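S.K.: In case you want the letters, here they are:
Protein chains: 2
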Amino acid sequence: MKDYFSSDFKIAILGGGQLGKMMLYETRKFDIQTLVLDPSAEAPCKISCNYFQQGDLMDYDTVLDFGRKADVVTFEIEGVNADALKQLEKEGKKTYPSAATLEKIQNKAIQKKFYVKNAIPTADFEIFDSLQDLKNSVREEKLKIPFVWKSATGGYDGKGVSVIKKIEDLNDLSEGGCIAEEMIPFKNELAVIVARRPSGEIKTYPVVEMEFHPTANQVEYVICPARIEEHVAEKARKLAEKVSAAFDHVGLLAVEMFQTKDDDILINEVAPRPHNSGHYSIEASYTNQFEQHIRAILDLPLGNTDSKVGGIMVNLVGAEGYEGEVEYENIEKIMAMDGVTPHIYGKKLTRPFRKMGHVTIVNKDLVEARKIAEKVKNSIKVISKQK
Amino acid sequence: MKDYFSSDFKIAILGGGQLGKMMLYETRKFDIQTLVLDPSAEAPCKISCNYFQQGDLMDYDTVLDFGRKADVVTFEIEGVNADALKQLEKEGKKTYPSAATLEKIQNKAIQKKFYVKNAIPTADFEIFDSLQDLKNSVREEKLKIPFVWKSATGGYDGKGVSVIKKIEDLNDLSEGGCIAEEMIPFKNELAVIVARRPSGEIKTYPVVEMEFHPTANQVEYVICPARIEEHVAEKARKLAEKVSAAFDHVGLLAVEMFQTKDDDILINEVAPRPHNSGHYSIEASYTNQFEQHIRAILDLPLGNTDSKVGGIMVNLVGAEGYEGEVEYENIEKIMAMDGVTPHIYGKKLTRPFRKMGHVTIVNKDLVEARKIAEKVKNSIKVISKQK
Chain Y
1 MKDYFSSDFK IAILGGGQLG KMMLYETRKF DIQTLVLDPS AEAPCKISCN
51 YFQQGDLMDY DTVLDFGRKA DVVTFEIEGV NADALKQLEK EGKKTYPSAA
101 TLEKIQNKAI QKKFYVKNAI PTADFEIFDS LQDLKNSVRE EKLKIPFVWK
151 SATGGYDGKG VSVIKKIEDL NDLSEGGCIA EEMIPFKNEL AVIVARRPSG
201 EIKTYPVVEM EFHPTANQVE YVICPARIEE HVAEKARKLA EKVSAAFDHV
251 GLLAVEMFQT KDDDILINEV APRPHNSGHY SIEASYTNQF EQHIRAILDL
301 PLGNTDSKVG GIMVNLVGAE GYEGEVEYEN IEKIMAMDGV TPHIYGKKLT
351 RPFRKMGHVT IVNKDLVEAR KIAEKVKNSI KVISKQK
Chain V
1 MKDYFSSDFK IAILGGGQLG KMMLYETRKF DIQTLVLDPS AEAPCKISCN
51 YFQQGDLMDY DTVLDFGRKA DVVTFEIEGV NADALKQLEK EGKKTYPSAA
101 TLEKIQNKAI QKKFYVKNAI PTADFEIFDS LQDLKNSVRE EKLKIPFVWK
151 SATGGYDGKG VSVIKKIEDL NDLSEGGCIA EEMIPFKNEL AVIVARRPSG
201 EIKTYPVVEM EFHPTANQVE YVICPARIEE HVAEKARKLA EKVSAAFDHV
251 GLLAVEMFQT KDDDILINEV APRPHNSGHY SIEASYTNQF EQHIRAILDL
301 PLGNTDSKVG GIMVNLVGAE GYEGEVEYEN IEKIMAMDGV TPHIYGKKLT
351 RPFRKMGHVT IVNKDLVEAR KIAEKVKNSI KVISKQK
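Read top to bottom, the protein sequences are chains Y and V. The end of the first sequence is residue 387 by UniProt numbering, with every number in the run present. The end of the second sequence is residue 387 by UniProt numbering, with every number in the run present.
Since the hints were made in silico from the structure, they are not lab data. Treat the numbers as computed from the prediction; the structure is a model and nothing was measured. Even glycine gets a Cβ: it sits at the ideal position worked out from N, Cα and C. Treat the hints with care, since some could be wrong.
What the hints assert, rightly or not - Far from chain Y, by Cβ distances over 10 Å, these chain V residues were calculated:
(1) 117
(2) 268
(3) 344
Unchecked claim - To be clear about the criterion: a stretch of chain Y counts as covered by chain V if any three or more of its residues have a C-beta under 8 Å from a C-beta of chain V, and this derived list gives those stretches:
(4) 45-54
(5) 202-216
(6) 328-339
Take the sequences, apply the hints, and build the full model.
M.R.: So this is what it looks like as structure tokens:
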């Protein structure tokens, strides 16, 4: 085995946001050296890595030069220059996940075609080279409203996705290649994180469930395990494994899925990295997703993905109407609640809906955890010092 | 409440070893700024803090100047200049634990007298101002062999403690003030970690047990919960609370105890900081000891000290006969075992018995955890690259 621990071995991480920051807890725990590249001088990863470089993740030369400094290259965000990763692979550098996987995932049109080719169930869709083509198709009544519009590239955190319910909704869309996807009347939105090593060892985490606000179309809680029937959970995990194997994926793959009214499972989309839906694992799982990612890309044995206790995650996003230096109102109140852990990402400035942190609630009894999660949600507020 | 999170608030940590390093995982999680002072430029805490300073922890001016840079001062090692802490307190700086507590604990003679004064049961002892005084007492047959010799100051990790079984054992002792302590024929060596806030809120962790090697007089496993009767555990926790309150302690206090053959509990010694006997808590507890220390010194609500699962800790110490650049032989084998997490402290050089890391084994079934812990112990070896 390669000697990773307290050695000269180095992992390059493209992206220095909160996912990278939580990954660094694990590289510190194992004393593995890291280099981080991020465009922001204030990136959450700035401390805790061995070497921080400010730079453009989409710039070919920057990424290439940066990757050459390490033994293994990984990323915590999809928006990185895939051509540079390809070149690094050509030079014999281990790049996990691979450039080929990243390219397929960066473009939603390619991603959808990949599912079809590999007999992976997904919502029906049509691909358009431009927004104008899509508009023409609607005008010619080939494409029927309602549908879900998704930008082929650049979508992130709900950006680049829009539900088109009436003709006027077409006016707000951004230009460029896109897909129109059938609207799935789903029972549940589920996710499964799959870990896979170069040697092919594969493990899935339990299925998690996104609980939506009863009226606003917004995820409020990520709940592990999902409150679904065992045979449905089993189907979801098997399908997630199939997707990971089809990509010949190395590292973590977060697979987002719909559970239809008939209990079919359809793939929504995937992320080739640790994922918001796996944050609960830090407190709840035997092996958290960040440690698992490090194990996977270093071809170390994968850890146990089971949960010690039930876990619920609540995102901390900037409250509407507040912009400026952040303040976490009532954080001491939620810290007094049983099994509650806040994670503060370290962004100095808040703005409406910005992801500033998350809170995990763990409990042996998931029903009790759910009650506490609601109290958490109703107590803490991400505001600014000056309104 | 003071605004600690993503703010300008700063904690100064005296000492930058593994305890500080694990504390920094928690300050990073909460995005609280930290300053670390350590004599070594290679200290495990060097990265992950916001500001690192190389300096002498026993130097009055260094500690005073360093402490002045922060809002709260704490330490991860007892060997720091207590007079500087006193001065910081005079200047209105919050210093937790307090200089007064630290002074009592730094000197074992004072510590023992403190127990007597506060009616805290401890092994009988006699204080000597010098080694010669002790030797005279033995010669005059006032002090009977066997007994336990403890240096009044400077003891750490088993140094400064010696079991005197025959007259020749007196030759190997270091000079200076010391105590002679009655040998306790104990059933078990136990420990309880107590967390206490300035406001007085107090919580104890479950009792842990040190399991010794059947022949060598060496702790092999720290086991949580201790395999003792509930009424004994309850007595140990109550006594630990009493000790913490007697010290008017703020922060963590690790209380090491003997369970005698008659199930009496005697205090052995205390450490006013996170402790080796609490490392299991990172994986096993709802709130780990490092997060709890931070909560306590910031007067935040204390977290749940219960365990999610059974936990066992094995220290990784340098193997005999190896000195030089460290290598963790078979680490990938133990990582393949269920519920096993290695912690590598980040010391580049190993030498016999140096604490290089630890391994936690968690399992819902403590008997199963104990079996896996033995496999871990028999597999991993801390060696050097060149012998």
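S.K.: All the hints need checking, so say for each whether the structure fits it.
M.R.: Now the hints, each set against the structure:
1. 117: 35 Å, holds
2. 268: 30 Å, holds
3. 344: The assertion about residue 344 of chain V is violated, with a minimum of 4 Å to chain Y.
4. 45-54: Our answer is that it holds, as 4 residues pass the Cβ test (under 8 Å) against chain V, meeting three.
5. 202-216: violated (count 0)
6. 328-339: holds (count 7)
Hints 3 and 5 from the list above are not met by this structure, while the remaining hints are.
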